[in-house]
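Novice: Residue numbers (the numbering used here), protein chains in the order written: chain A, 1 to 525; chain B, 1001 to 1347.
Take these hints with a grain of salt, some might be off.
[Stated by the list, open to error] The following label-pair restraints were derived from C-beta to C-beta distances:
1) A/158 <-> B/1022: 57 to 67 Å
2) A/287 <-> B/1230: 45 to 55 Å
3) B/1026 <-> A/371: 20 to 30 Å
4) B/1229 <-> A/451: 25 to 35 Å
5) B/1199 <-> A/401: 30 to 40 Å
6) A/364 <-> B/1074: 15 to 25 Å
7) B/1333 <-> A/260: 17 to 27 Å
8) B/1118 <-> A/451: 52 to 62 Å
9) A/260 <-> B/1118: 28 to 38 Å
10) A/364 <-> B/1310: 51 to 61 Å
11) A/239 <-> B/1229: 16 to 26 Å
12) A/158 <-> B/1018: 50 to 60 Å
13) B/1228 <-> A/371: 21 to 31 Å
14) B/1114 <-> A/444: 25 to 35 Å
The hints are simulated quantities; they were obtained by calculation from the structure and are not laboratory data.
Computed from a prediction, not measured in an experiment: that's the story for all the values here.
Using N, Cα and C, we set each Cβ at its ideal position, and we do this for glycine too.
One-letter residues, chain by chain:
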Amino acid sequence: MAEQPTPIWDFHGGLHVDDRKAPSKASPIREAVIPKRLQLPLQQHIGRHAEPVVRAGDPVLKGQLIARASDYVSANIHAPTSGMVSEIAELPIAHPSGLPALSIMMEADGKDRWAELPEPIPDYQEADPADLRERLRWAGIVGLGGAVFPTSVKTNVTGKQVDTLIINAAECEPYITCDDRLMQEQPAQVIAGADILRHIVGASRILIGIEDNKPEAITALRETIDTRGQRDIELRIVPTKYPSGGEKQLIYLLTGVEVPSHGLPLDVGMVCQNVATAVAVAEAILQGRPLISRVVTVTGQAVAQPGNLQTLIGTPVAELIEQCGGYLPGIHKLIMGGPMMGFGLHSDSVPVAKGSNCFIAATEAESPDPVKPSPCIRCGECVKVCPAQLLPQQLYWYARARDFDKTQDHHLFDCIECGCCAYVCPAHIPLVHYYRFAKTEIWAMEREREKAEHARRRHEFREARLKRLEAERKAKLRKKKEALAKKPASGKDPKKAAIEAAMQRVAAKKAGQEAADPASENEKN
Amino acid sequence: MEFPVASSPHLQGDNDIQRVMGQVLLALLPGVAALWWYFGWGVIINLGLAIFTAVFWEWVVMRLRGRDPRPVIADLSGILTACLLAIALPPTLPWWQTMMGTAFAIVVAKQLFGGLGYNPFNPAMAGYALLLVSFPADMTRWLEPSVVSGHSLGLSEAWNAIFSGVAPAAGGWDALTGATPLDHMRTELSREHLIGEIRQSAVWGDFGGRGWEWVANWFLVGGLFLVWRKVISWRIPASMLVALALIAGIFWVIDPDIHPSPAFHLFSGAAIFGAFFIATDPVTASTTPRGQLIYGALIGVLVFVIRTWGGYPDAVAFSVLLMNMAAPTIDYYTQPRVFGDQEKQDE
Chain A
1 MAEQPTPIWD
11 FHGGLHVDDR
21 KAPSKASPIR
31 EAVIPKRLQL
41 PLQQHIGRHA
51 EPVVRAGDPV
61 LKGQLIARAS
71 DYVSANIHAP
81 TSGMVSEIAE
91 LPIAHPSGLP
101 ALSIMMEADG
111 KDRWAELPEP
121 IPDYQEADPA
131 DLRERLRWAG
141 IVGLGGAVFP
151 TSVKTNVTGK
161 QVDTLIINAA
171 ECEPYITCDD
181 RLMQEQPAQV
191 IAGADILRHI
201 VGASRILIGI
211 EDNKPEAITA
221 LRETIDTRGQ
231 RDIELRIVPT
241 KYPSGGEKQL
251 IYLLTGVEVP
261 SHGLPLDVGM
271 VCQNVATAVA
281 VAEAILQGRP
291 LISRVVTVTG
301 QAVAQPGNLQ
311 TLIGTPVAEL
321 IEQCGGYLPG
331 IHKLIMGGPM
341 MGFGLHSDSV
351 PVAKGSNCFI
361 AATEAESPDP
371 VKPSPCIRCG
381 ECVKVCPAQL
391 LPQQLYWYAR
401 ARDFDKTQDH
411 HLFDCIECGC
421 CAYVCPAHIP
431 LVHYYRFAKT
441 EIWAMERERE
451 KAEHARRRHE
461 FREARLKRLE
471 AERKAKLRKK
481 KEALAKKPAS
491 GKDPKKAAIE
501 AAMQRVAAKK
511 AGQEAADPAS
521 ENEKN
Chain B
1001 MEFPVASSPH
1011 LQGDNDIQRV
1021 MGQVLLALLP
1031 GVAALWWYFG
1041 WGVIINLGLA
1051 IFTAVFWEWV
1061 VMRLRGRDPR
1071 PVIADLSGIL
1081 TACLLAIALP
1091 PTLPWWQTMM
1101 GTAFAIVVAK
1111 QLFGGLGYNP
1121 FNPAMAGYAL
1131 LLVSFPADMT
1141 RWLEPSVVSG
1151 HSLGLSEAWN
1161 AIFSGVAPAA
1171 GGWDALTGAT
1181 PLDHMRTELS
1191 REHLIGEIRQ
1201 SAVWGDFGGR
1211 GWEWVANWFL
1221 VGGLFLVWRK
1231 VISWRIPASM
1241 LVALALIAGI
1251 FWVIDPDIHP
1261 SPAFHLFSGA
1271 AIFGAFFIAT
1281 DPVTASTTPR
1291 GQLIYGALIG
1301 VLVFVIRTWG
1311 GYPDAVAFSV
1321 LLMNMAAPTI
1331 DYYTQPRVFG
1341 DQEKQDE
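With these hints in hand, go ahead and build the complete structure from the sequences.
Specialist: Next up, the structure:
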């Protein structure tokens, strides 16, 4: 395996924040208890929601398909355990909006009986990548690092040349340790999954990027790579700096290549996948299992026993917290994801979804409520930390003024919402919030514009149609008129001719009578 | 269980505006101490007057705007403005002029534009410019440094001079006040004296005016502290001073008899103080990395131009105010290359 010191290209900006991983870092992954009721939102991924293929009252087995991908960019959902579908209804889910979403609710029967699963594909190297992708699609695998983009879509590289598969093992957000534990405890699955993904995308090498604050995971992966004797898998240790796990940042760190602004890693011949996704891929291909559970970190100062739990998708967060000893006094906030990019949950009644990597039960001291922001003094601290090399203070200014053209001039859509700017802001301005606001306003405006464009086209079409009909009508009329005007010249109108003929006949008759009776003629004269 | 939610990130660094302003105030201390040493207690009285006026007007304006004045006063920005202005004023300026300048800086230059963060012009320099234009005689009547005059103004002398216009006992105004080195140089040059002759006078030290150059040195210490603490970026002070030294150097090389050396330009007047404490005001300066270099350099050039051919002996205030107007345009055209930008890949 490659042990030579490899260069690391440092990206601009970023933060050195206290990683706060200690509370859950040392705790091995344990199985979470199967909950009595599970809630499976139909939208746990990027793309179109899944369509349910079961109805209330249907019995289901563990691993059975219960909702089917409804579009190319969509994902299957499987029953995480055996039981019965109790209802399909709008229920609260883990979403920043706090709005409910259509979910399949099921009651577990506690037997945890498996449905019939597809055959494993142990000799994946011989398999057609398209077939492997089809398996990932069946398994409902999405990016488990938090982005939840369907993996079968991301690995569809048809028509593009891919040379490198990047495995994102950075786990740069504070608190989160689920990937760290996964690498320590299942390094073989991680590497196997990576190798399968490499085969699917046709890459010649694998680069694993991991932050240097995970020495145990580094050792475990290194041993596994050595055992497999694969020289084309390179483990690259990057300095701990947030957000080194950002896709574009990690690619730059490992290769010195910048993914184009508005572009994808695929544009520079790379595909990036998270370690937990790699494990899910290995399970789908080598065991024929769908994605029905994931490792979740439960941590924060307001939970009694922080840890990492192998959790069924659909488990209510409250039950997960319960299994970690419950809340401690001082519980203030519940955050899903990391503290930098995650979002606050309104309630713990929502279920664990495919993208739920971490729940932080935070005290007020560790995640204080936002203070009243001061005015921006344009000190430029945000510029120093922005990994996208933007001018956050200018973006803020224009977003606030609703000058959305200027925000786009200042590359608003290159913002990855990592939160570094807001973290360092001495005025405590919720900068990321302003950028999200500007982005959604621009999207809404674009939708409006599209609608208006559509309406305009429809209107124009209607106008054109009416004009055409009018023109046709006029043309017809004109033809008729012309025909009328032409007739007397060419051939007499039969009616007129008949009348004329009749009149001639009458005249002739009269003439005959006059000749026969001259007296009357005289009389007349 | 229900929870309150807030936008990410859920962590916050420990920096705040009060701390930023507080560090700048701290960095002023060595320079202020040097000013006090060379020019006596008038410096301290000016500072007190200006701070009092600034706090008073911030309080009044915030009340008028129907807002809580306490956080605004506590962010120290108004106090900093007051200090920067007071430092730039002659140590025996009549009290009401100091108060008028400060009130103008706070009320007109800062609060009428919306308060901290919204003012297009550097408030301290706006106040200074107002006073300089309105009271040119008083504003250019500086005490001579104690190392030159041999007398340091005591507290009561300074008090009387400022509040009742009474000349200090030891020899009256004429004995104690004089032109600033820049003013001196300018007047003598206009009389067609050569630099060599002018520098014979006792008011000159190693680089610039005696005493003055040490004030500049101590402000330099404070300025370097701010750069070290990363409160200000090195770009504006460095580019301003380098540009000033370069353009002064060019003219000096061409004709050293009528153009003072670059060192004279750097260590006389407000060049050092301006470079580290005035031009770096983040609100009114350029904010992009390249923009800061351009902004600073143009201030340096303007300082030289106004000092050499303009109507005033020192030029930092006007140069900064002029460049304040240019800052938004500079920022717009000096946006950094965004990560992954294909067009500017080679930069």
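Novice: Run every hint past the structure and note whether it holds.
Specialist: Each hint tested on the structure:
Distance hint check: the CB atoms of residue 158 of chain A and residue 1022 of chain B are about 60 Å apart, consistent with the given range 57 to 67 Å. About 53 Å separates the C-beta atoms of residue 287 of chain A and residue 1230 of chain B, a value consistent with the hinted range of 45 to 55 Å. The hint said 20 to 30 Å for the Cβ distance between residue 1026 of chain B and residue 371 of chain A, and at roughly 23 Å that hint holds. In this structure the supplied range 25 to 35 Å is violated for residue 1229 of chain B paired with residue 451 of chain A, their Cβ-Cβ distance being about 53 Å.
Take residue 1199 of chain B and residue 401 of chain A: their Cβ atoms lie about 54 Å apart, and the range 30 to 40 Å is violated. Evaluation of the 15 to 25 Å hint for residue 364 of chain A and residue 1074 of chain B yields a pass: the beta carbon distance comes to about 22 Å. A hinted range of 17 to 27 Å for the beta carbons of residue 1333 of chain B and residue 260 of chain A is consistent with their spacing of about 23 Å. The supplied range of 52 to 62 Å is broken by residue 1118 of chain B and residue 451 of chain A, whose beta-carbon atoms lie about 37 Å from each other.
Remark: the range hint 28 to 38 Å for residue 260 of chain A to residue 1118 of chain B is upheld by a beta-carbon distance near 37 Å. At roughly 57 Å, the beta-carbon separation of residue 364 of chain A and residue 1310 of chain B lies within the given 51 to 61 Å, and the hint holds. Checked against the hint of 16 to 26 Å, the C-beta distance between residue 239 of chain A and residue 1229 of chain B comes to roughly 24 Å, which is consistent with it. About 57 Å separates the C-beta atoms of residue 158 of chain A and residue 1018 of chain B, a value consistent with the hinted range of 50 to 60 Å.
Between residue 1228 of chain B and residue 371 of chain A the Cβ separation comes to about 28 Å, which falls inside the hinted range of 21 to 31 Å. In this structure the supplied range 25 to 35 Å holds for residue 1114 of chain B paired with residue 444 of chain A, their Cβ-Cβ distance being about 29 Å.
Figure legend: structure checked against the earlier numbered hints; hints not met, in rising order: 4, 5, 8.
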